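K.L.:
Okay, here's what each chain looks like letter by letter:
Protein chains: 2
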Amino acid sequence: MFQKITAHIQRDIQLNSSELEEFHSLLVEKKVSAKEFLIEPGKEVLYEYYVVKGCLKAYYLDKKGNKHILQFAVEDWWISDFEAFFKDEPASLHIEAIEDSYLLGIKKEILEPLYERIPKFERFFRIKTTNAFVALRSRILSSLQLDARERYLDFCATYPSIEKRVPNYHIANYLGITPESLSRIRKSL
Amino acid sequence: MFQKITAHIQRDIQLNSSELEEFHSLLVEKKVSAKEFLIEPGKEVLYEYYVVKGCLKAYYLDKKGNKHILQFAVEDWWISDFEAFFKDEPASLHIEAIEDSYLLGIKKEILEPLYERIPKFERFFRIKTTNAFVALRSRILSSLQLDARERYLDFCATYPSIEKRVPNYHIANYLGITPESLSRIRKSL
Chain A
1 MFQKITAHIQ RDIQLNSSEL EEFHSLLVEK KVSAKEFLIE PGKEVLYEYY VVKGCLKAYY
61 LDKKGNKHIL QFAVEDWWIS DFEAFFKDEP ASLHIEAIED SYLLGIKKEI LEPLYERIPK
121 FERFFRIKTT NAFVALRSRI LSSLQLDARE RYLDFCATYP SIEKRVPNYH IANYLGITPE
181 SLSRIRKSL
Chain B
1 MFQKITAHIQ RDIQLNSSEL EEFHSLLVEK KVSAKEFLIE PGKEVLYEYY VVKGCLKAYY
61 LDKKGNKHIL QFAVEDWWIS DFEAFFKDEP ASLHIEAIED SYLLGIKKEI LEPLYERIPK
121 FERFFRIKTT NAFVALRSRI LSSLQLDARE RYLDFCATYP SIEKRVPNYH IANYLGITPE
181 SLSRIRKSL
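So the sequence lines, in the order shown, correspond to chains A and B.
So the first sequence is numbered by the numbering used here: it starts at 1 and just counts up by one.
So the second sequence is numbered by the numbering used here: it starts at 1 and just counts up by one.
Keep in mind that the hints were calculated from the coordinates and are not lab data.
Be careful, since some hints might not be right.
Claimed, not checked - As a list, the in silico EDC-like pairs of lysine to aspartate or glutamate whose alpha-carbon atoms are at most 20 Å apart:
#, chain 1, residue 1, chain 2, residue 2
1, B, K67, A, D147
2, B, K67, B, E40
3, A, K120, B, D12
4, B, K87, B, E112
What the hints assert, rightly or not - Just so you have them, the derived chain B footprint on chain A, three or more residues with Cβ under 8 Å:
#, segment
5, 80–91
6, 109–122
7, 133–139
Quick caveat, the model's predicted, so the values are computed rather than measured.
Cβ atoms here follow ideal geometry from the backbone N, Cα and C, with glycine treated the same way.
Throw the hints in and build the complete structure from the sequences for me.
P.N.:
See below:
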């Protein structure tokens, strides 16, 4: 149950068995079936989630009912409505399972005391947040630098396993192109 | 010289005088005149900078020569080509001073040893990076949620002092609207 998240964390920090045990005791299991919502607009966002198994999408639904996919998550990724989570605001995103998913959640209110007790976790989450920040800057820059074909190749490199698990029109939405353009790009490769 | 950055840091962490002294000894002064570049594409990005005085813009110049302003920075903000800084890649952004600016730079390679010696700095930069990540997510969401008028009001709230110091067409560029639309919005308020 904790094997994957343990390996995930030990890539950045080294923990002894009592520290690991303490960390595991703070995690909450969460199962969501395909098409079920993990987070919905207006609701409180108490957890950020590590994906043990499954595939999810985070999207914003605008006033006209258009969906804007901001993030996918598969095994070994973290997902939440991070803005709401960190700012203690109600969710503005939908997070929906694309496949049956098994997650481990960590509650915001336990993070600060955890950092106090085991400062290595402060390091871990500093590294993760820096990576997430850099990835988001990269994505903004890609949208300015690259054409649709290059953005698709970039997507395949960033999310190698998702590309086979997510419907075409989701990927097109994430890339900001039409499903028809995506089909043309795929055929040309 | 260090008064502002000291107050800035002590908002998040408490440091004793020897810790402060050590931190100050690691900072490098940097002056850039208006229209001078702090960072240019292709160059190494060794520092992130705290703005003591002045005003700068970070922008990406696309293949067609169009400018895309990603960030402004005034007093009490941090600026760099963060993607390049954290990934040890050459810069892809221009960072240019709008006004004569006085900055304090911190070198990437001293950060890790600093975190080891004074873990409170790990906390400080975790908090700053989380805020930057959340601000970037907010900006992406604003671009989906809000119309041009609302985005302008949001901008004025986020950057109250910049709004009076930066030319109209820079703000329009940042907001992704034409300078004419911005003028119309301003008149309507």
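K.L.:
Work down the list of hints and note, for each, if the structure agrees.
P.N.:
So, going through the hints one by one against the coordinates:
no., hint, verdict
1, B/K67 <-> A/D147, "holds (16 Å)"
2, B/K67 <-> B/E40, "holds (14 Å)"
3, A/K120 <-> B/D12, "holds (18 Å)"
4, B/K87 <-> B/E112, "holds (14 Å)"
5, 80–91, "holds (count 4)"
6, 109–122, "holds (count 3)"
7, 133–139, "holds (count 5)"
Checked against the numbered hints given earlier, the structure satisfies every one of them.
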